[in-house]
Structures are given as structure tokens and as C-alpha cells.
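Novice: Residue numbers (the numbering used here), protein chains in the order written: chain A, 976 to 1366; chain B, 593 to 765; chain C, 631 to 820; chain D, 241 to 400.
Hints in this document: simulated from the structure, not taken from any laboratory. Misleading hints may appear alongside valid ones.
Unchecked claim - Derived pair list, reagent style DSS-like, types lysine-lysine, alpha-carbon separation capped at 25 Å:
1. K1269(A) x K1179(A)
2. K637(B) x K1131(A)
3. K812(C) x K1292(A)
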Amino acid sequence: MQSRWDIGEPEPRTINKATEQLKSELLTLNMGPQHPATHGVLRIEIWTDSEVVAHAIPHLGYLHRCMEKHSENMDYRAVIPFVDRLDYLAAMNMEWNYVMAVEKMLGTEVPRRAELLRIMVAELQRIGSHLMAFGTYALDLGAFTPFLYAFDYREKILRLFEEVSGARLLYNYYWIGGLWNDWTDDQLDRVAHFCDEMEEEAKKYHELVSMNKIFVERTANVGVMSVQDCFDFGATGPVLRGAGFKWDLRKNKTYGLYNEFDFDIPIGTGEQGVPGDCWNRYIVRMKEVVESIKIIRQCLEKLEPGSVMAKVPKIIKLPKGEVYVRTECPRGELGMHLVAQEGEKSPYRLKVKSPCFTHVSMLPRVAPGQMIADFVASVGSIDIVLGEVDR
Amino acid sequence: MNNFNTPAPHYETGSVKDYFSGLYKGITTTAKGMWITFKYVWAVKPVSIEYPEVREVLPERSRMRLFNDVLNCISCTQCAMACPVDCIYIASEKLPEGAEIKKTSNGQPIRLKLTQFVIDEALCCYCGLCTTVCPTECLTHTHDYEFSQYTIDGMKYDYLAPDVIAWRDRIVK
Amino acid sequence: MHKELVDLINSNIPEAKAVFNEATDPKADASITVEASSILKLASWLRTNDHMPFNVLQCISGVDYLEYMEVCYILAHFDLNTPRELILKVKLTDRVNPNLDSIVEVYPAADFQERECYDMFGVSFNNHPDHRRILCPDDWKGFPLRKDYVPAKDYNGMLVYPDNKMNFEDREFIVRQNMIKKAQEKASES
Amino acid sequence: MQDGVVLTTVDEFLNWGRKNSLWPMTFGLACCAIEMMATGAAKYDLERFGCGAFMATPRRADMMIVAGTVTLKMATRVKVLYEQMAEPKYVISMGSCSNKGGPYWQWGYHVLNGVDEVVPVDVYVPGCPPRPESLIEGVMTLQKKIANERLLRNKWVKHA
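Produce the complete structure using the sequences and hints provided.
Specialist: Structure below.
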């Protein structure tokens, strides 16, 4: 006899006429100024079509501290603390760029030991900044322990900087004409010791996070930015190198004494996923940490005693003219356009070309078609620091 | 699927083999990561510093609160001009004619009588530019960082006040 | 590099009237000044030509020289064997409503840079996709980075310069005020 | 009710419980946020004071550490976030920028001189950025302030 469950071929689902006319609409979400995943005060207005991002509009300016207006009213030395506060995770690189611009106009000859120490300190700061990027990126994707590991090693770098310059985060250590004070041999040994520890640590991070299946699932093939996109939007640094274009100012337009060092430039080769996705940008940063360790070691060998500060006039007055200086910062290529008037104590105009500013402008092109969780991963992968975006 | 021409998210649906290899890889890589963290139970000395009981010794050049040893100050206002934030307020007046000229510790004559020396620590950005231009090295950064206040005016330090001068023997060697 | 580029520009786009201005000091950078109206045509030519292409727009920085305003387009060529960079200047004389053509179709990077140039200097860019202020709030009055900008005392209810925080009673003693007063007296006597 | 022994001990007990579980809100604005994260990390552990759990939403937070420069565009958001927090709520202003405008007070046309223009501040922590230890000392001064609060007595005793 026919069983109770045997009702033959079930009819297809019927759509009620009334629901035919129901119009669905886009929902606006505010990944607002206060949001754990926006690395600061960046507000992204996301128009979502049921969990898929239709389009995203970044709103900036929540940390606009009018640094360029300040630099027009301060004398040349007093601008350095404000340049520190641009990208507060890589303060040394910011100072170096500004100081190099002023020295280029002033024509001072920086002693060799200062030039070598500048490279060493900038590379140490690059490791610290990449550690921060690694820690917060893992935090964005839900893993809390890498954040603690990264900050444990960042504290070691901050301790070294505090012994030399006096501050933990914003140093005012690069001066026009050299450095504020010198490294003693004991501190240099500790740097060498730190490099050895950091090498093992980088391997450990590789096992802990880079090869973790969940991390790879969340970041491979997500937020792909091709090389052409990067050229369109002027993206530089780990974003451009993650897309597979071997462009690093330390090699292509050498400044300082970088031509005496041999290190190679890691690019996104697409081990996991496609070159240009979040994972490749992340792995380029991790490989850069290893390269920076190489540079620091070579720097320690090349160091020989000498003075650290060149002779600089008491009140600095630059000749009339303008200069645009670019350096390779952990987040990308920072450029400073310094315009100086004859006989004035303060810069006439200082425009800072910030790499993160261009990276944020790429988000509207990456966002459509991503799930919100993937969008959080791509925002985290371009490693934004809002002090530099909003200046 | 959606009528706002938002591109659908692309997900490649793997085969059954991918499913199981993904499952295996997921378990092994997470286990390897957890093993690394588990080793910290016995392999690593604890990192954290119990702050109120254990205080880390600050390095010698550490730039915390400012202190001005007013006995050595020749009120030359170099620091007020070098400060990028203008948070140092100095006032001095002529010494009366007959007064004897005192000397600072490193022998410079004090020709002006310092009447006001106030630093607004709430504005100060602790950059250290003032301590480098001070000719008599009387303005220095001390190492005490524990001075949070309930009111904002508590942070304007008048270095001529007796209780602030009293710090002198603790700070000036 | 600059002279060669100036001849190339003048031959390909005559109305650009490119002028090579020598660096005023051997240590400073040289630049090229171009006609304001031809900026869009020049940008598309600069990006696509095969003699001296520039495939990346680094930044657009405005400079206010009080008599005229200058917008510097800083371009770069990301290429492993011939890296180049160029400062392209455009002079704008009228300060009330200076405007330029937007080059967002050629360099999408110009989108944010132009909005910042508008926000800070008031240079409006026609047919820009999203012509809003980028750093200051949308209802901000005045263009902050102009030399004659006077900052507003308060902004919808919030005091930017509250008196009790300006340490006025300490500032009477401040050295700079005395120096400025002395300078003014000397100026008024002479 | 009078201001007797019973109410005082109950108040003290509640204050003891509240001061040892101050949950801060993740509200990092600028450089001080990095020092706040360093305080939350392993070396200078804020968790030992019961306030390590950084809450993302203001609803579940008791304390707001304003860490960084409060610009005018952000000030209205700070006010909204403060109002969304549940009573009793406390504010620590961390760093010179949120105390009194810091390095940006003179020429910063877009910077609010001091966060106490928009939210009532309990403790000001000086420094630019303050060391993690000085932030912990700031949290301890806030705990001292909470320890002798009179929340119950103010509410029930007529002539408090």
C-alpha cells in the first residue's frame, strides 16, 4: 500500500504573486570611524546587497591634523616632530625623507657613519612597522596570539630606539645634518643579537600564520589588485610588489648609501592564490623583514667610528626653489615636495605624498563583489595608517 | 541573483578530494600553530612586567617630564623660541643696579632675574628640542612619567614654585 | 631630460606652450610649466606616448604664491631600466574661482589628489566624478592652505580656540609677543 | 535612609567590583592608540587590572580611553560614542593631543583643543605618546577615583 511519505514528484516552489513586486534595496553600512578593522579613524560607507558589497566609498579626514599648515609656521628643525607624527609606525622613515629633502636643498655633506646608521635605523623601523602590520592583520582575521608575538618583538625594537633617541614611538632622532646622538658598541651588539632572534621569529611566524589553512582561505584570491590597477592608482610598496612588479626605490632610484648593500626585493609570486591578492601582499612584507635583517647585518660590519653630525648653521635658511624627494617607506613610496623661499626660516610649502592615501583610493575598485568579511581582509592587507592618510 | 548588477562573489567549488585535503591541511596547520604557542608554557620566560611592583629602569636619555633647575637658568629664552609648540612661558627683568652677579654651575653670569618660568606639560610634545639649545643645561628631561591628573590645570608646572624647586635634589645630580 | 621633453610636448601638443624653467638653485629640481587649458590633452599624451611615457601620477600639490596659484602635477615612470620623474606646473591667476580640467579618466590616482587640492586651495576641477572635500568636513568654510586663510574661531558649536585653554595669562610674558611688539614699534618709527 | 554604615559598605563593595573590571572601548585615534595597544599586549599587560577586554561596541564598555588627536570632524562621533555607553561610564584622556590639543593646538584649524570640550573627562594622562606605564598609572588613578565614589548614597540619601 502506498506509504504515507510517497507523494510523487513534488511541485516546484511557487512564488506568491504579491512578493513579485517586492523591491529589495541596497543597505548602507558604515564601517565607521570607530571600527576594530579600520586600523584607525577611516570611515568606509559600504552599500551591501545582502552580504555582498555593491560599492564602497571611503570617507577620510577624521584625523586631519593640518600638518602642512604647521610646517609653514615652524622653522626647519621644529617641523621634524610633526613629520614624525605622519606615519607614527614608521617615524624614522618619515624623518629621513624630510631631512633628506632639506639637506638636498642645503647641500650639507652628511658624515659616512651617520649615513650608515640612518640606513640601519630605518631598516629596524621597517621591521617594527611590518611586525605591527602582521600583528594587526592577524587580529583583523580573528587570530589574537600573533598580535602578542609581534608586539613582544616590537617592544625589543622600541627599547633599542628609546636608549638611543629617548622616545618610544616618535623620536625626533634624525636631524638636519646627521643624527641626534650616536650608538654605543653595546647597543650595536644588542642590535646584532636582536637580528639573530628575529630570524628565528620570522620562521616561526611563517609556520604560525602564513601557512595556516584558515589564513590562506581568508586571504588567497581575495582583493586582487593587478599591476595595471596599481599603476592607475599610483600604488607603491608592498601593494605593487605584491602584484608582482619588482619596484623598490632602494634599488631603482638609490638614495643614501643603499647601493653599497646587496639585498633582493621580494615580490608576490602567487605561491598561494594569484599575485596581487591579500596573501601575496602579506607574504611580501614578511619576506622584507628577512631582507631588512640582511641589510642591518651588512650595516653593522661597515660601521667605523666617526662623527655623527655635520656642521649646520644655527638658523637654517634654504635657497629659493623646490625639491621632490622620494624614499621607500614600509607602507610604500613616500614623497615630500618642499618649496622654499629665499631667506625664510620656515618652509613655504611642504606637500607630503602619502602612500596610504593612494592605497585607500583603490578600495572602491576592489570592493564590488566581495563579501564583507573579505572586504575587511583587503582593507587590512593594504596596511593603512591614518596619520599619514589624513596628514 | 541580484538586480543591482553587483558582481557575484566567485568561489570555485572543489571536488570531494579537495574537501578532505582542505580538512586535513586545516587541522595540521592549526595544530602546528597551536603547538608553537603551547611550547610557551615551559619554553619561554614570562614577558610581562608587573608594572606597579616591578618598575623597568628607563634608559639614560629617556624623555619624560621636563624639569628646569631655576638656580642655573640665565633666562636666555632659547628654549621658548626652539619649542615647536610654544608651551614654555618665560619672563625676566633687569637686575637692579647694585645687585651682585651670581654664577651658574658652569660659570656663566646670571644678568637677568627670572620672574616666571612655566611649562604647560599638557601641550608639550616631549621632543627634546628645548633641552638641546639650553646653554647652561638646566632644562632637562627627567625620568618620572607618573603624573596623571584629575584636572587639566594640574599640568601647568611653575618651576619657581617652592614645591617644584624641591625636586631639585632628587633630579639634579 | 627636461629640454627633450619640452620639445616633444611642443611638437605634439602645440597649445600646451611648455616652458622649461631652470632650477633656481643647482641643488633644487627643474620643472616644466604648461598652459592650464591643455592639461587633459597633455596628460593623456604623457601617459600613452612611446618616446617618454609617464605611467604613474604621484601627487598633485598646490602652492599659493599670493599673486598666482600653482598646481604641480608630479608624474613618475615606473620602469626598471628607465625610471623618470617630472614636475609639471600649471599657473592659475584668478583666485576667486580657479578651475582646471580633471584628469581622472587618464590617471585614476588623480581622483583623491584633486579633491584634496580643491579642499585645501579651492581649485575646482570640472567633470570630476565625486567633487567633494576630502579632508575637511563638507560644510567647512574657506580653503585652509591658502596663505590668506584665517581659521574660524568655532565650528558648529565647538570652540577651536577656547580662551581658557590658550594660556593667555601666561602668554603676556611670552618672549615672541615681546619680540613682535618691539618689531612693530621699530617699523612704526621708521 | 541616612549615610550610615550599611550604605557605605555596600557602596564600597560595588566600587571595588566596578573598579576592578573596567572594560575599555577600542577607540584608537592616532599614535596614542599604538601605545594603548602596546599596553594591551604582552609586556605591559592591562589585563592584570581587569581592563584588558577591549570592547568593540560602546554598549558593553565602561571606560573610554580617548587615545589620539580629536579633530573637529571626529568630535561629534566622540560625543555620540560617549552617549551610547552605559552609565556609570568614565573617560581617560590619553596624550597631550586629547588633553589640550597637544602639538596641534596653535595652528591646527581642524583640531579640537582638548576632548573635555565634548565629553566630561575623569583622568588626564600626560605624554606624547604616554608610556604604557603612565597609561597604567592613569588607569590606577581612575580606580582610586572610583574607589571612593558615592553612587548609592547620592541616589538614596536625601541630604547627601
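Novice: Taking the hints in turn, state whether each one holds.
Specialist: We went through each hint and held it up to the structure:
1. K1269(A) x K1179(A): holds (18 Å)
2. K637(B) x K1131(A): Holds, because 15 Å separates the two Cα atoms, which is no more than 25 Å.
3. K812(C) x K1292(A): This hinted pair holds, its Cα atoms lying about 23 Å apart.
In summary, this structure violates none of the numbered hints.
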